[in-house]
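**Q** Using the sequences and the hints, build the whole thing.
Just so you know, we're using numbering that gives the first Met the number 0 here: the sequence shown kicks off at 0 and counts up by one.
These are calculated hints, taken from the structure and not from any lab test.
Accuracy of the hints is not assured; some may be wrong.
What the hints assert, rightly or not - Taking lysine to aspartate or glutamate pairs in the EDC-like style, the calculated list, with each CA pair at most 20 angstroms apart, reads: (1) Lys24 <-> Asp82; (2) Lys83 <-> Asp41; (3) Lys83 <-> Asp72; (4) Lys45 <-> Asp64; (5) Lys83 <-> Asp31; (6) Lys45 <-> Asp60; (7) Lys49 <-> Asp60; (8) Lys83 <-> Glu23; (9) Lys34 <-> Glu92; (10) Lys30 <-> Glu79; (11) Lys30 <-> Glu92; (12) Lys34 <-> Glu79; (13) Lys45 <-> Asp72.
Unchecked claim - Beta-carbon label-pair distances, calculated as ranges: (14) Val67 <-> Thr20: 39 to 49 angstroms; (15) Gln71 <-> Glu97: 32 to 42 angstroms; (16) Glu97 <-> Asn68: 39 to 49 angstroms; (17) Ala90 <-> Glu57: 44 to 54 angstroms; (18) Glu23 <-> Ser59: 47 to 57 angstroms; (19) Ala21 <-> Ala77: 21 to 31 angstroms; (20) Glu57 <-> Ala93: 50 to 60 angstroms.
Treat the numbers as computed from the prediction; the structure is a model and nothing was measured.
Backbone N, C-alpha and C define an ideal beta-carbon position, used for all residues, glycine too.
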Amino acid sequence: MGQLTEGGGASPSDKISINLTAIEKQRQDLKDIHKNIRLALDNLDKTFGKLEDHMKGEASDNIQDYVVNIRQDIITPAYEYNDKVIVMLNAVEATYSEEALQVL
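**A** Shown next as structure tokens:
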């Protein structure tokens with residue numbers, strides 16, 4: 000880690016120390032969370048599909064509207080968000096790995 004100079008700023012000759020192991024652990028933890036969220040969303044989607052099969056008449060129309068809204072407003076955006084998080088984490092890990100190699 001860089002040390003502070005007398006003026007309060009970091010010394011220009013100091014390099015930033017990056018703990019790649021900690022970044023990788025956080026990235027892996029978030030990937031595990033992503034996997035669990037995706038499984039939960041898949042299960043929710045399957046449950047809605049089974050529920051639609053058993054409903055008839057007006058109740059069926061109402062539940063189908065509800066399911067469509069849930070899929071559009073929750074499930075699809077959650078998939079997209081989770082995928083973007085993983086892409087960003089992979090980019091961060093790759094960037095810091097590359098910078099660490101340049102410092103060596």
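**Q** Does the alpha-carbon distance linking Lys30 and Glu79 stay inside the 20 angstroms limit?
**A** With Cα atoms ~14 angstroms apart, Lys30 and Glu79 stay inside 20 angstroms; holds.
**Q** Hint check: Lys34 vs Glu79, CA-CA at most 20 angstroms. Holds or violated?
**A** Given that 20 angstroms is the threshold and the Cα spacing comes to 13 angstroms, the pair holds.
**Q** Given the hinted pair Lys30 and Glu92, is their alpha-carbon gap at most 20 angstroms?
**A** 13 angstroms, holds
**Q** Is Lys24 close enough to Asp82, meaning Cα to Cα at most 20 angstroms?
**A** With Cα atoms ~18 angstroms apart, Lys24 and Asp82 stay inside 20 angstroms; holds.
**Q** Taking only the CA atoms, is the gap from Lys49 to Asp60 under or equal to 20 angstroms?
**A** Cα-Cα ~14 angstroms, so holds.
**Q** Indicate whether the distance between the beta carbons of Glu57 and Ala93 respects the range 50 to 60 angstroms.
**A** 53 angstroms, holds
**Q** Given the hinted pair Lys83 and Asp72, is their alpha-carbon gap at most 20 angstroms?
**A** Given pair Lys83, Asp72 holds - Cα atoms ~17 angstroms apart, limit 20 angstroms.
**Q** Would the pair Lys83 and Asp41 pass a check requiring their Cα atoms to be no farther apart than 20 angstroms?
**A** 18 angstroms, holds
**Q** For the pair Val67 and Thr20, does the Cβ-Cβ distance stay inside 39 to 49 angstroms?
**A** 45 angstroms, holds
**Q** Between the alpha carbons of Lys83 and Asp31, is the straight-line distance 20 angstroms or under?
**A** 15 angstroms, holds
**Q** Hey, Lys45 versus Asp64, does the alpha-carbon distance stay inside 20 angstroms?
**A** Status holds; Cα separation ~16 angstroms.
**Q** Is the distance from the Cβ of Gln71 to the Cβ of Glu97 consistent with 32 to 42 angstroms?
**A** Holds: the Cβ-Cβ distance is about 39 angstroms, inside 32 to 42 angstroms.
No hint from the list above goes unmet by this structure.
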